[in-house]
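Please build the complex by placing chain Z on the supplied structure of chain F, with the hints as guidance.
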Amino acid sequence: MTSPSPAAWFRRALPTRRRATAAAVVVVLSAAAVTWAVWPEGPGVRTESAMLTVRSGPSGDEPVDLDTTLYLPDDASSGRKVPAVLLAHGFGGTKESVRSDAEEFAGRGYAVLTWTARGFGRSGGEIHLDNPDYEVRDAQRLLDWLAARPEVRTNAAGDPQVGVVGGSYGGGLALLLAAQDRRVDAIVPMITWNDLSRAFLPESTGAAPTEGVFKKGWAGLFFGGGGNVGSGPAGLSGGTAAQPQGAPASAGPPSPGPGAGPGTGPGGAPTGAADPSCGRFAADVCAAYLRIATTGRADQAAVDLLRRSSPAGVLDRIKAPTLLVQGEADTLFPLGEADANARGIAATGTPVRVAWFTGGHDGGSGPRSDEDRVKFLTIQWLDHYVKGEGDAPGDDFTWSRIAGFDALDRGLVATGFRRADYPGLTGNARREVTVTGPAQPIANPPNGNPAAISSIPFAGGLASLLDGVAGDVPGQHARFESAPLTEAVDVAGSPTVTLRAASPTGEAVLFVKLYDVDPDGAATLPNGLVAPIRLTGLPQQVQDARPVTVTLPGIVRRVEAGHRLRLVVATSDQAYTTPAEPTVYTVAADGAVSLPTVSGEPIPTAATIWRWVLAGLLAAIVIGLVVVVALVRRRHRRQDRSVHPEYADTPLAVRELRKEYADGFVAVSNVDFEVHPGQVVGLLGPNGAGKTTTLRVLMGLTQPTAGEIYVFGRRLVPGSPVLSRIGALVEGPGFLPHLSGLDNLKAYWRATGRPWEDAQFDAALEIAGLGDSVHRKIKNYSHGMRQRLAIAQAMLGLPELLVLDEPTDGLDPPQIAEMRRVLQRYATDGRAVLVSSHLLAEVEQTCTHAVVVNKGRIVASGPVEEIVGESPSVLFDVTDPVAARAVLDRLHGVTVLPESDGQLVVDTNGTARSDVVAELVRAGIGVDRVVPRRRLEDAFLALVGENSRGSGDR
Amino acid sequence: MAGSSVETPLGVTDPAGAARGYRPSATMPFAAEFRRQASRRRTQLALGFMVLLPLIILIAFQFDSGDDDNGRNEFSSLVELATSGGLNFTLFSIFVSASFLLVVVVALFCGDTVASEASWGSLRYLLAIPVPRARLLTVKLVVALAYSGLALILLAGTALLAGTLRYGWSPLRSTVAAELEPTEGLLRLLAVLGYLAVVLLVVAGLAFLLSVTTDAALGAVGGAVLLWILSSILDQITALGALRDFLPTHFSTAWLGLLSTPVQTDDVVRGCISAISYATVFWGLAFWRFTRKDITS
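Protein chains in written order, with this note's numbering: chain F, 1 to 954; chain Z, 1001 to 1297.
Source of the hints: derived by calculation from the structure; they are not laboratory data.
From the three backbone atoms N, C-alpha and C, an ideal C-beta is built for every residue, glycine too.
Among the clues, some could well be false.
Heads up, incomplete: computed chain F residues facing chain Z, CB under 8 Å, no partners named [unchecked claim]:
#1 Val-413
#2 Leu-617
#3 Met-699
#4 Arg-714
#5 Val-722
#6 Leu-723
#7 Ala-728
#8 Ala-747
With the rest of the complex left out, here is chain F (with noise of 0.2 Å):
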C-alpha cells in the first residue's frame, strides 16, 4: 500500500524512451490530420480577369464591355490544351458569384470562363433577359475569344471544346445558346425555364399566358434585383441575387453577399442616364413588365417578348448534350418547366438526361446528398461529352425525396432514388384518391388582402415543410377531404383534380393546392406550390357548372399511411395578383385527385459505404482478437515447462537477479540465494536494501532484467502457474476496505478460482486470531489486525512457500512470538518460508537460514547458527584506546579492526580472550566490557554502520 512519493511519480512521469516514441507518434498523427483537412484540394488554379469588349445587338455592331474572368488549371498551355466550360451566373449575381465552382471545375481540367451579364455588376449594358441578339451573342463572341485562347482545345478553327453550365438566368442562356451555335459541345442548365411567359403568368387549365395569373412576388424581387441603379434595397436586390441562381449543388453558381446585385457594384456603372423606373433593364423588358404588373394581366406583345427569351421554341434546334437538373422546392420554375425542355430537346434525338434534387429557387442546394449527386452528374456528363472521358453517362433519371430532418444539424435529408427512364410528370402509375365535401361559398376578398399565404419566396425548403407558413383564411378557401390512406403514396409528378366553379361574374381566379393533413390534423403544402387557374364563362349557380381539369405542379412526396389528402381551392394568394374585385364564388369539387407515382430503386448513399466500413471494421477487430487470442495461446503452450532438474525440489532458487527500474536506479543488482524445504529463510536488509524489490520480482509483479527465479524447478516469469505454490505478503495488506476480514478471504479464495475445501479458512482464522473481529468490516481495523488478515490470507491453501514481507510490522510483542511459533512450525512439514526483515533479533529468533542483502548484494547468507555463533572478533570497551591499540598490535596474530571511537573491535584470530584481556590489564588499561561477537550482527552492523544515520531506522 505504499503510495509513490512525489519523487518517485516525478521520475515515471519524465520521458523515457518509450514514451517519447509514442508522444512523437501521436504528434506526428495529430499534424497529418491537421494538414490533411486544412490542406488545398486538386491542382493549383490561375486567374486572368479582363474587361472584354464584344458586338452584340440585333445587327452584332453595338459594343458591350463584359467583366470576365478566366480559370485555368496551372498546367494548361498551348502545349497541353484543356477543355472549356463557359460557367453563366443566376440573375442579380456577378462572375464571383460562381468562383467556388469555377475553380472546381477548374481543378478538374477545364479552363472556365465567367462573365458578369450584360447589366449587372461592372460589365455594362442592360437586361434584355437572356434575350438570343444580346445576352446570347454576347456568349457567342465570348466563344470566339475562348476558342482563339491558345490554352483551349479546339474541335475546329474558331469552335471551342465547351460545355455550358449555368443555373436559372444562366441556364436559361446555356438552353439558348447551344439553340443557337452549334460550337457548344454540351450544357448542364439548372433550375431554369422552359417558357419565361408561362413561368410568371402560370394557368394551370392549360390556358395561354396572356389568360395567366401573374406571380407578382417573383416577378417583383427580380425587377427589384435587377431594376434600380443607385442604391437599391439592399436586402431585396441582396435576396434575389442569393437565391435565383444559387441552387443546385456547387455545380450550380453559388450566391454573391449582399449587395452584390446590379447597382450596388463598385463603379462600373452603366453609362447614360438610367430611367428610374427601369433602373438598367432595357426599355422594351421593363415597359413589358409595368404594362403587366400594372394590370396583372400580359398582352400579347410582352407574352411574345418572353417567349423570345424562352427556350420553349428554339429546343429542336439544341444539339448539344443536355443534363437538366430541376429542383422540386421551386415556385419559381417547377419541375413542369424542365419537363417542357426535356420532352422538346428529345424529340430530335439529342441525348437528354433529367435529375431532380429537393432544392431549387426556395429551397436552395438542397441537403448535402442531393449536392453531391448533382456535382457529380455535372462533372459525368462534361467528362464524356466536352472532355472526351468517361463512358457515356446513358438517360436514367434521378430524383430525390425530402426525407425528414438530419438528426444532427437541423437540415433536411434526402433519399434518392433511380429509374432506367424518365417518366415525366405523370409518373409510370397513377393512384386515385377521392375528396369529398360539399360545395362551398368562398370570398375574393377585394385587391386580394387579406391573402393565403402559400410560399414566400426564398423561405427555403424548411418553411414550406415547416408548415409555419401556410395558411388559408378563413371564407376565402373551400375545403375537400379524403379518407385517410390505408397505405402509402409515393407521389412523383403532377396530381390532376376536377373541380366545377360558379361565378356572379362569370369568371374567377382560383389557386388550387393539394395539403398532406397527419392524423394530428398539421395539414402540410409540399414545397408551398400552388396551381393557379383563371376561370371564365362560369355560370351563376355551380350545379350548372362544368368539371374542368387542373393539373397542379409536380412534387416528390410521400404520404404515408394514415394520413389524408386535403384539396383547398382559395381565392386569393399574396404571391399572385387576383381581381381587385370582391366576389363570391362557389366551388365543388367531387371527382378523385389521380396522383403520379414512380417506382425507383434507391441510389445507394454515402451510408452504405460507410455500413460497409462498419462490417469491415468489426470482422477486422473480430480477426483481430482471434489472431491475438491464438498467438498468445501459442505462445503459452510454448512456454518454458521444462523443469530445472537441479532445483526440482527446492521451493525457491533466486540466481544473479538483477533489476533495473527505467529511470536507471539499480533496487538489485545480484542476488543468489535457495530456500530449500523446512527452511525458514529471512532475507535481511536495511531500509531499501532490495529486499521489497525481490519480492516482487518473485510474485510476478514485476519483470527483472537479468538472472532467473526457480520455484521447484519451475521457471518463474510474472503469471506463471507455479506461484499458485506461493502465498505472499508483499509491501503491506491489500483489502478491499467495505468488505469484512472473513469476507475478504472469502473473496480472494473465489478469485484463485481453487476448490473451496482446498482453502483451510479455519486454519487461517486460526492463525489470524482475530476472534469475532472477523466479521468487520476492514476499514474499521488496526494496523497489526490487518497484517494478521494478510499472514492469514497468504497462508491460505497452506501454500508450499510462504513469502512474507515484514511479517511483524504492527504486531505486539506476545503476537510477534506466536507468530514466529507459526512460521516456524509451517516449515517443519515439507513447507518453506522466506520472511524479510530489517530486523535482525527477528531473523535471528525466527529463521533457520538469513541471507543479509545491502545495496542490491548478498552480503553473508547460510543457516542462522553458522552466522551466529561465535565469530573471532571481541568487542572492548576499555579506558584508553590508544594505548590498548598499541598493546594489542603487539600481539601475535591479533588485529585492530577499524572500528567505531571509545570501542576496540579485534578479531583475536585463535589468542583467547582471557589472554588478551590479561594483557591490557597488564599494561593498566582498564577494561570495562568484553562483548563476543557474531558473524550475523558483524555482517549487519557493517551495514547498518553505514546506513543507519539518517534512515530512520530502528
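Relative to chain F, chain Z alone:
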C-alpha cells in the same frame, strides 16, 4: 507433457507445476468479480440512482403549471412531448441523461475497476494468485461493461415502467418524425439505447485505459469525463471543420436520427465506426500496457 511433470512433497502433479485445483482459465470467475463489484457502495448508489432518476423527473413533472415557456428549441419540444406517454417519457429520461450522467456512470464503472484495486493494494495479490493479467483485465472489463449496460437498462426500464403507469401506453411522438405506433416506438427506443451503449464504449475505453495507467480511481473516472467534455467543447467549434468528424463525441447525438421516418442511419453508422474504433484502440492500449507494466502499487 507428462514426462515433464513433477511430484512435489505435497503430492501436487501438474504439467505447469501449479497447485492442486489451479487452472489459469478458472481464476477470477466472472461471477466472483460481479459479486466483488456488487458489494461496493458506489455500484449500489450508481444503480440506485438510475432507478431513482426517472422517478424524480416524474415527480418534477407533477409541478408543471403549464404556463412556462421553454422557448422553441428541440429540448422544449422534448419536454412538451415527455408527458405524452411512457415511450416519450423514457425518451426524455434518456435524452437528459445521455450527455453527462450516463457518461459519468460508465466512466465510474470502467475507470474505477482496476485503479481502485491498485489503490487498495489488492491488485498485487490477485496477480500473485496468479490471475493471468489478460484474464484479469478481460473479466474486469466485461463486468464493468455489464454494470454499465445494467445501468442503462435500469434507467430506461424504470422510466418506461413509471412513464407508462403514469402517462399510458401511447405512440412515440417526436418533432422530427411522424407518430410511431407503440410497438414500432419501442423498437426505436431499443435501437436508441443500443446506439447509446455503443457511443458510450468510447468513455468505457478511455476510462479503462486510464484505470490501468493510474492508481487513483478518481483520476481515471475524472480524466475520462474531462476528456469527454473537452471533446464536446471542441465539437462546438465549427471552425475545426472536417476535423470534428474525428472527435469521439461528434456523433454522440446521432441517435436522434433513429426517431425520424424513415430512420436515418448514416450518422448512426458513422458514430458506431467512430466509437468502436476509439474503444478498440483504448482497450488495445490498456491490455498492451497492463500486460507489460510493473505493478508497483
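Results for each hint:
no., hint, result
1, Val-413, "holds, 6 Å"
2, Leu-617, "holds, 6 Å"
3, Met-699, "holds, 4 Å"
4, Arg-714, "holds, 4 Å"
5, Val-722, "holds, 4 Å"
6, Leu-723, "holds, 4 Å"
7, Ala-728, "holds, 5 Å"
8, Ala-747, "holds, 6 Å"
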